Amino acid sequence: MAPLLSVQNLRVSFPTHRGRVEVVKGISFTLGRERLGIVGESGSGKSMTGRAILKLIRKPGLVTADRLEFDGVDIRSQSEKQMRAIRGARISMVMQDPKFSLNPVMTVGEQIAEALVTHEKLPRRAVNERILAMLEAVRIDDPQRVAGLYPHEVSGGMGQRVMIAMMLIPEPELLIADEPTSALDVSVQAQVLDIIDDLVTSKGMGLILISHDLNLVSRYCDRILVMNAGTVVEECAAGELDKAQHPYTRGLLAAMPVIDESRDELPVLDRTQWAGT
Amino acid sequence: MSIEPQIAVSPAPTSSQGRRLGRGVSAVLGFVVTVFLTFLGLLAITFFIGRVIPIDPVLSVVGDRATPAVYEAAKVQMGLDQPLPIQFFNYVVGVFSGDLGKSVSTGRAVVDDLSRFFPATLEMATIGIFIGVALGVPLGVIAASRQGSVVDQVIRVVGLLGYSMPAFWLGLVGLALFYARLRWVGGPGRLDIFYDGLVSPVTGLILVDSLLAGEVDIFWNAVSHLILPASVLGFFSLAYIARMTRSFMLDQLSQEFVTTARVKGVPERVVIWRHAFNPIRVPLITVIGLSYAGLLEGSVMIETVFSWPGIGNYLTTALLNADMNAVLGSTLVIGAVFIFINKVSDVLYRVLDPRAR
Chain A
1 MAPLLSVQNL RVSFPTHRGR VEVVKGISFT LGRERLGIVG ESGSGKSMTG RAILKLIRKP
61 GLVTADRLEF DGVDIRSQSE KQMRAIRGAR ISMVMQDPKF SLNPVMTVGE QIAEALVTHE
121 KLPRRAVNER ILAMLEAVRI DDPQRVAGLY PHEVSGGMGQ RVMIAMMLIP EPELLIADEP
181 TSALDVSVQA QVLDIIDDLV TSKGMGLILI SHDLNLVSRY CDRILVMNAG TVVEECAAGE
241 LDKAQHPYTR GLLAAMPVID ESRDELPVLD RTQWAGT
Chain B
1001 MSIEPQIAVS PAPTSSQGRR LGRGVSAVLG FVVTVFLTFL GLLAITFFIG RVIPIDPVLS
1061 VVGDRATPAV YEAAKVQMGL DQPLPIQFFN YVVGVFSGDL GKSVSTGRAV VDDLSRFFPA
1121 TLEMATIGIF IGVALGVPLG VIAASRQGSV VDQVIRVVGL LGYSMPAFWL GLVGLALFYA
1181 RLRWVGGPGR LDIFYDGLVS PVTGLILVDS LLAGEVDIFW NAVSHLILPA SVLGFFSLAY
1241 IARMTRSFML DQLSQEFVTT ARVKGVPERV VIWRHAFNPI RVPLITVIGL SYAGLLEGSV
1301 MIETVFSWPG IGNYLTTALL NADMNAVLGS TLVIGAVFIF INKVSDVLYR VLDPRAR
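These protein sequences, in sequence, are chains A and B. Heads up: the first sequence at position 20 corresponds to 20 in the numbering used here, and the numbers run straight through without jumps. Heads up: the second sequence at position 25 corresponds to 1025 in the numbering used here, and the numbers run straight through without jumps.
Misleading hints may appear alongside valid ones.
[What the hints assert, rightly or not] 25 angstroms max Cα-Cα, derived SDA-like pairs, lysine to any residue: (1) Lys99(A) - Ile1272(B); (2) Lys121(A) - Glu234(A); (3) Lys99(A) - Ala1044(B); (4) Lys99(A) - Val1282(B); (5) Lys121(A) - Pro1267(B).
[To be verified] Here are the in silico distance ranges between beta carbons for each label pair: (6) Glu136(A) - Glu1256(B): 34 to 40 angstroms; (7) Ser42(A) - Asn1278(B): 28 to 34 angstroms; (8) Thr201(A) - Val1028(B): 36 to 42 angstroms; (9) Lys81(A) - Ser1026(B): 51 to 57 angstroms; (10) Pro1309(B) - Lys59(A): 51 to 57 angstroms; (11) Val117(A) - Leu1160(B): 40 to 46 angstroms.
[Stated by the list, open to error] Derived coverage of chain A by chain B (criterion: at least 3 residues anywhere in the stretch with Cβ under 8 angstroms from a Cβ of chain B; other residues may be distant): (12) 91-104; (13) 113-126.
To be clear, the hints were calculated from the coordinates, so they are not data collected in a lab. Note that the structure is a prediction, hence the values are computed from the model and not measured. Built from N, CA and C at the ideal position, the CB exists for glycine as well.
Put together the whole structure using the sequences plus the hints.
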């Protein structure tokens, strides 16, 4: 079976005063209907990778790739209009912080409805039914009331569930979750990820989970890409993270505290080990 | 598990209704008290400044060759022999019974003068702000959505011109070109001479009065006189409004929820007008309200160039003649305009922004 998404030598660069700076330096991976985790520190290029797949890098940013194919469609040659038919409907993205990623002057229901009717012409009543069903699917108990609220009236955890509902309602085949829980309280992080996991698995979608949290990614993904400074430094199955080879990954793993910690101090990353990469 | 704010869910609907009514009444009361105090403050400041500046209103009435006896008589008659607080008290009492005193330069009651001069400014400013908003807002949005393009550059240059061109110069050039040479518009004044005084003033707005009287000819004549000065005013507010719209829009277009809309596959036109533009309506109202208030103050330059009998001219003439009653009256009207526009903006904020409710 052909992969859902295949990326080869993807590069993203931005012009600065001192010439173009590459933030993604030629990464390659393929994705089936599985859960892929991309981990890396801030500035490692993981979010830019997600946005490049949706062709959302705006000028003067520049995206090049030897291959960027989604389900046989060459993303590189798609026009803006063709991309609009793909965005939301076939590839969707959950963004980081619902405080900023939801429109402050539209109700939650209106925003979810917009995601649906942009791609499917449905009668008003069917739209409402779908919205309520979707809000229930993201475990919102009182969907009728919540649909009438404005984003400032809902909590962060609920806002992120609304975001998930909005991104999944047109039933896309691939979901990119760009740090979906880093703006949330630790106590609701697991809830939100469980919801994403359930929906993605039950609908047989592909998932790219972008995060800086190795633990989280290894728990919710099948495969993991570790990114550093715009390149993939390690690729492995989630269960085999402890066998990771690259000094960066090993350093990250070593820096993680464990219960019953016997070390007095956690080690610090020694960046000289992979300075050449 | 999440905690939502409580939204007016009360077990006893009658008591909550009563409370809401009570809140409405106290809101109106609070509004009236604020407006009253603002007015009183405005009156006090203008009044006392007007009295302590070293100009002598009596002298401007009797002339500098009057005998001391005549001077004293005039002073007593004008009430200027009283102590300042008493004078102020008398003035305030007069204001609240609709008497703003007499203008020494026109010889008429200030109220009558204002009811002639202010509508002329109101008419011109209203058409001006309409032009400014109808063109300025779309231009600002277009410039922002194509930041850095040729269109953006052209709109920015137009905006810069609006900022830097002197009003009287633009007015004169406009008159020379469109009136004197092309004959497209009417000349200075509100009407051609032979139409003057034919319609009886009801509202003081010639456009409205002529239609009320069924005088279509006069209406079109008034339009032809109004269009040039209103366009010049409109151009200046357009420049300001377009610049502000552009910067508000640029700010919104870089927000995360705009990216969210694009991720959903929403067409760019909807991204711009629904997602980026709707949230900026509140700051835009502030900008438009202040521009409108600025136009209603009357532009002395424009009114002079176009021989427009507006409040800007009236106020300036009154100031030069030490005609303090007229100055105070005009200031009061302008203050009222600012208070009114502010209050209308407040109401609109609440309509347009759910966060302000």
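Inset, instruction - Can you let me know if the beta-carbon spacing of Lys81(A) and Ser1026(B) is within 51 to 57 angstroms? - result: With Cβ atoms ~55 angstroms apart, the hint holds.
Inset, instruction - For the pair supplied as a hint, Lys121(A) and Glu234(A), confirm whether the alpha-carbon distance does not exceed 25 angstroms. - result: Violated, at about 44 angstroms.
Legend entry - Coverage of the stretch 91-104 of chain A by chain B, judged on three or more residues with CB within 8 angstroms: holds (count 10)
Inset, instruction - Please test the hint of 36 to 42 angstroms on the beta carbon pair from Thr201(A) and Val1028(B). - result: Violated, since Thr201(A) and Val1028(B) (Cβ atoms, about 57 angstroms apart) do not stay within the stated range.
Legend entry - Asn1278(B) and Ser42(A) - C-beta distance against the hinted 28 to 34 angstroms: holds, 32 angstroms
Inset, instruction - Given the range 51 to 57 angstroms, decide if the beta-carbon distance of Pro1309(B) to Lys59(A) lies inside it. - result: holds, 53 angstroms
Inset, instruction - With a cut-off of 25 angstroms on the C-alpha distance, tell me whether Lys121(A) and Pro1267(B) pass. - result: holds, 15 angstroms
Inset, instruction - Hint says 34 to 40 angstroms; check whether the CB-CB distance for Glu136(A) and Glu1256(B) agrees. - result: With a Cβ separation near 26 angstroms, Glu136(A) and Glu1256(B) fall outside 34 to 40 angstroms, so the hint is violated.
Inset, instruction - Sort out whether Val1282(B) lies within 25 angstroms of Lys99(A), counting only the CA atoms. - result: Within the cut-off at roughly 19 angstroms; holds.
Inset, instruction - Can you take a look at whether the stretch 113-126 of chain A is actually covered by chain B? Rule is 3+ residues, C-beta closer than 8 angstroms. - result: Holds: 4 residues of the stretch 113-126 of chain A have a Cβ under 8 angstroms from chain B.
Inset, instruction - Mind checking the hinted window 40 to 46 angstroms against the Cβ distance between Val117(A) and Leu1160(B)? - result: holds, 42 angstroms
Inset, instruction - Please work out if Lys99(A) and Ile1272(B) have their alpha carbons no farther apart than 25 angstroms. - result: holds, 20 angstroms
In this structure, the earlier hints numbered 2, 3, 6 and 8 are contradicted, and the remaining ones agree with it.
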